[in-house]
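Student: Sequence:
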Amino acid sequence: MKSKKKQTPSWSDVKTALARLDQQGLLELISDMYNLSKDNKDFLHTRFSVGDDTLAPYKKIIEECMCPDIPNEPVRIIRAKRAISDYSKAIRDAKGEAELLTYFVECGNKLTLDYGDIDEDFYDSLLDVYGQAIKKALTLPDHEQGNFRKRLKKIMLSSNGIGWGYHDGLCDEYCGSFKVDE
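Start counting the sequence shown at 1; every next residue gets the next number (our numbering).
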């Protein structure tokens with residue numbers, strides 16, 4: 001006699017269960033999920049644009065991860081990137097994404113200016129996100145790009161003298177994407 005393997009529940013199973021709930025049941029479920037974690041609260045606040053600054057919780061995570069209190073905390077690049085991803089999943093907002101991507105690089109750049117060279121993987125991550133920030137900024141209407149161009153240029157200029165090819169990479173990304181005289 002063959003034993004039946006239990007299947008892992010899937011989204012389809014959850015969707016079927018959700019379809020059986022009435023509006024009150026759905027509201028109670030969402031309330032329970034809202035109260036379950038800060039991430040859920042941030043997601044729902046962002047999704048429904050509730051609050052004064054939906055970017056604030058994501059920026060806080062990025063700053064804590066990319067500009068930690070060095071003697072006591074490690075740099076947490078993956079967690080900082082996840083904050084950007086979480087924001088993107090909550091709402092489709094190219095300007096907000098450009099802001100978080102640019103802020104990520106500003107924080108990482110500040111860390112290296114304050115404490116000195118980090119390591120190659122750190123700079124590779126910054127370069128990758130810098131390129132993403134440029135691409136995202138270029139999707140915005142022209143009148144919204146100026147602030148990002150200024151900030152991205154400031155990052156590039158401030159990186160002169162930083163090792164691991166970081167400055168050269170920033171220059172290549174910036175000059176390859178924007179007119180140099182801007």
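These aren't lab readings, by the way, just hints derived from the structure by calculation.
One or more hints might be untrue.
Claimed, not checked - Simulated crosslink set (DSBU-like; lysine-lysine; CA at most 35 Å straight-line):
#  : residue 1 : residue 2
1  : Lys60     : Lys95
2  : Lys41     : Lys179
3  : Lys6      : Lys110
4  : Lys38     : Lys179
5  : Lys6      : Lys135
6  : Lys110    : Lys135
7  : Lys135    : Lys89
8  : Lys15     : Lys59
9  : Lys59     : Lys89
10 : Lys95     : Lys150
11 : Lys41     : Lys59
12 : Lys38     : Lys15
13 : Lys135    : Lys81
14 : Lys154    : Lys179
15 : Lys150    : Lys89
16 : Lys6      : Lys95
17 : Lys60     : Lys154
18 : Lys153    : Lys89
19 : Lys135    : Lys153
20 : Lys6      : Lys59
Student: Take the hints in turn and mark each one as holding or not.
Tutor: Status of the hints after comparison with the structure:
1. Lys60 x Lys95: Satisfied, since the Cα-Cα distance of roughly 18 Å is no more than 35 Å.
2. Lys41 x Lys179: violated (41 Å)
3. Lys6 x Lys110: Measuring from Cα to Cα gives roughly 51 Å; hence the hint is violated.
4. Lys38 x Lys179: Status violated; Cα separation ~42 Å.
5. Lys6 x Lys135: violated (45 Å)
6. Lys110 x Lys135: Holds, because 22 Å separates the two Cα atoms, which is no more than 35 Å.
7. Lys135 x Lys89: Holds: Lys135 and Lys89 sit about 18 Å apart, inside 35 Å.
8. Lys15 x Lys59: Given that 35 Å is the threshold and the Cα spacing comes to 32 Å, the pair holds.
9. Lys59 x Lys89: holds (15 Å)
10. Lys95 x Lys150: Given that 35 Å is the threshold and the Cα spacing comes to 15 Å, the pair holds.
11. Lys41 x Lys59: The given pair, whose Cα atoms are some 15 Å apart, holds under the 35 Å limit.
12. Lys38 x Lys15: holds (24 Å)
13. Lys135 x Lys81: Holds, at roughly 16 Å.
14. Lys154 x Lys179: holds (15 Å)
15. Lys150 x Lys89: Given that 35 Å is the threshold and the Cα spacing comes to 27 Å, the pair holds.
16. Lys6 x Lys95: This hinted pair is violated, its Cα atoms lying about 45 Å apart.
17. Lys60 x Lys154: holds (21 Å)
18. Lys153 x Lys89: holds (28 Å)
19. Lys135 x Lys153: holds (14 Å)
20. Lys6 x Lys59: Violated, because 41 Å separates the two Cα atoms, which is more than 35 Å.
When each numbered hint is compared with the structure, violations occur for hints 2, 3, 4, 5, 16 and 20.
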